[in-house]
Amino acid sequence: MSSALDGLILATSFAHVLLSPYTKVEESFNLHAVHDVLFYGVSPTSLPNYDHFVFPGAVARSFIPNVALAWMASPLLELARTFGFVQSKFDLQIGARLVLATVNALVLCSLRRAVSKRFGRLTSVFFALFTCSQFHVPFWIGRPLSNMYAFAPVVYAFVLLVDRQPNSIYPSKLSVHLSLVLLAFSSVVLRAEVAALAMPTVLGHLLRREATFGGLLRTGLLASVASIAFTMAVDSYFWKQRFLWPEFYSIYFNVFEGKSAEWGVSPFHTYFTSSLPKLLLTSLPLSLIGFFVDPRIRSFLLPHLVFVVIMSFLGHKEWRFIVYVVPAFNVAAARGARALVRLRKGSLLGRLMFLAVIFCVGANLLLTCIFTMSSMANYPGGEAVRAFNAIHESKSPQPIHVHVSNLAAQTGASLFLQTQSPPYSAKLLPAPQPRYIFSTSSNLTIRALSLDKTITHLIVEENPRSRMLSYGWRVVGSVEGFERWEINRPDMGSKWLERDTPAKLLEMIRREKQLVRMVKSEKLWILERDS
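No gaps in the numbering here: position 344 of the sequence shown is 344 in the numbering used here, and each next residue is one more.
Check the hints yourself; a few may be wrong.
In silico DSSO-like links for lysine-lysine, alpha-carbon gap of 30 Å or less [what the hints assert, rightly or not]:
| hint | residue 1 | residue 2 |
| --- | --- | --- |
| 1 | 453 | 427 |
| 2 | 278 | 259 |
| 3 | 24 | 345 |
| 4 | 24 | 278 |
| 5 | 520 | 24 |
| 6 | 24 | 173 |
| 7 | 240 | 24 |
| 8 | 240 | 117 |
Label pairs and their in silico Cβ distance ranges [claimed, not checked]:
| hint | residue 1 | residue 2 | range |
| --- | --- | --- | --- |
| 9 | 293 | 264 | 17 to 25 Å |
| 10 | 261 | 165 | 46 to 54 Å |
| 11 | 293 | 252 | 37 to 45 Å |
| 12 | 15 | 352 | 57 to 65 Å |
| 13 | 56 | 251 | 19 to 27 Å |
| 14 | 252 | 68 | 50 to 58 Å |
In short, the hints are calculated from the structure, not lab data.
Everything numeric in this text was worked out from a predicted model, so none of it was measured.
Glycine included, each C-beta is placed from N, C-alpha and C at the ideal position.
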């Protein structure tokens with residue numbers, strides 16, 4: 001049973017990578033950094049080829065997790081190529097994402113085992129079910145966001161505190177200090193907001209007398225100073241800036257200068273009324289039950305709640321800033337579910353509570369299916385570039401220069417999809433023929449692109465029926481994307497009270513096949529210059 005549950009967590013994370021293999025603009029810096037490390041290496045002569053130098057302007061983020069992911073993935077990708085699983089550069093993107101998903105999923109598996117040890121096997125079963133039936137964490141743990149890089153060390157810091165015997169009053173001092181080291185490293189190198197989680201966690205250790213103030217201060221300072229030195233050494237090299245500490249720069253830029261507010265300001269209650277319900281789905285009410293029925297849950301869930309309160313004081317809010325609390329809430333929800341299903345089965349209340357827990361898992365799965373289907377149709381840029389590659393794959397060699405528009409670049413058109421364009425690596429993939437030129441400049445107008453005769457193809461969001469594109473270009477393909485969900489409502493007029501209305505409704509369902517359908521619309525067009 002234990003291995004099966006771990007396999008379920010891994011399989012769920014893999015499924016989301018394979019079902020939605022493309023990435024969006026917020027992932028592009030880290031994804032392209034992994035691409036550059038894989039194909040160019042890390043020598044000083046290779047750095048000018050890196051994407052953040054070719055297209056400057058990206059906010060500095062640490063290269064440490066990107067280099068680590070590329071180095072972990074490289075031997076596995078070489079092995080996969082040997083067995084025929086890697087056929088193109090795009091397969092390398094999927095492979096790198098699967099490696100990241102594996103790391104994060106294995107940490108969740110470690111947490112599940114710790115939950116089984118401390119709260120019992122049934123609680124660990126519910127933890128696995130809630131984790132796999134939700135959408136956001138399984139979908140995002142295989143995506144190269146800085147938050148997802150921080151997810152593994154932050155959650156493993158939580159694992160160290162949970163992994164003990166059921167009647168153990170305190171975690172070991174070694175676990176407390178190692179947990180603090182991981183939180184300090186994550187705060188300094190990966191995501192600065194983790195410091196807001198470390199503070200109430202440390203305060204909880206002090207209030208419960210699990211460690212001394214001096215000992216925690218010494219550990220925190222040593223871990224922070226070592227992490228600062230590490231990130232400065234690595235990132236000053238990759239960004240060619242002296243004494244660069246990317247996360248400090250991020251705090252200064254977003255918090256002290258208030259630049260994050262330019263991306264939008266949300267009300268104080270947003271994390272509690274919108275983000276947590278979206279992240280946890282039906283696990284949220286169950287986590288409240290777990291909070292009240294077991295004092296062991298309160299000891300670790302309170303710091304996570306305080307963390308969400310602290311983050312609520314920042315104007316700009318995104319669910320990914322608090323994603324680290326989801327595993328802790330799922331542990332609480334699993335404990336709450338266990339309390340409900342352990343009620344006396346012979347009573348009406350016991351049977352109702354058992355059905356309520358089953359309903360929660362089922363509702364999570366239904367909502368996750370809807371979210372997943374929406375996401376699968378929400379990467380028109382990736383679909384467009386793949387369609388372009390397929391269209392021209394079998395054509396005779398000719399000079400091809402394709403311009404990728406802003407929308408396409410933001411919705412999946414990554415460097416890994418430029419399969420016919422350099423760079424290449426002899427260890428990973430041979431150079432194909434012919435080779436294409438891809439350009440992604442965002443400051444070119446349709447008129448300028450039309451006047452540049454070296455450009456042979458366009459992937460644009462501009463409707464080809466517009467005046468600027470009606471002459472000189474012809475459509476060779478189009479890509480649809482997600483627009484909305486629509487409910488098929490039967491038009492039954494004034495006869496809805498008739499006795500045979502249920503029969504008519506069933507007939508409508510049989511005829512329409514579905515009550516809810518996804519509406520798509522054309523998002524991008526692939527154009528070829530008229531000869």
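Hints breached by this structure:
1, 3, 6, 8, 9, 12, 14
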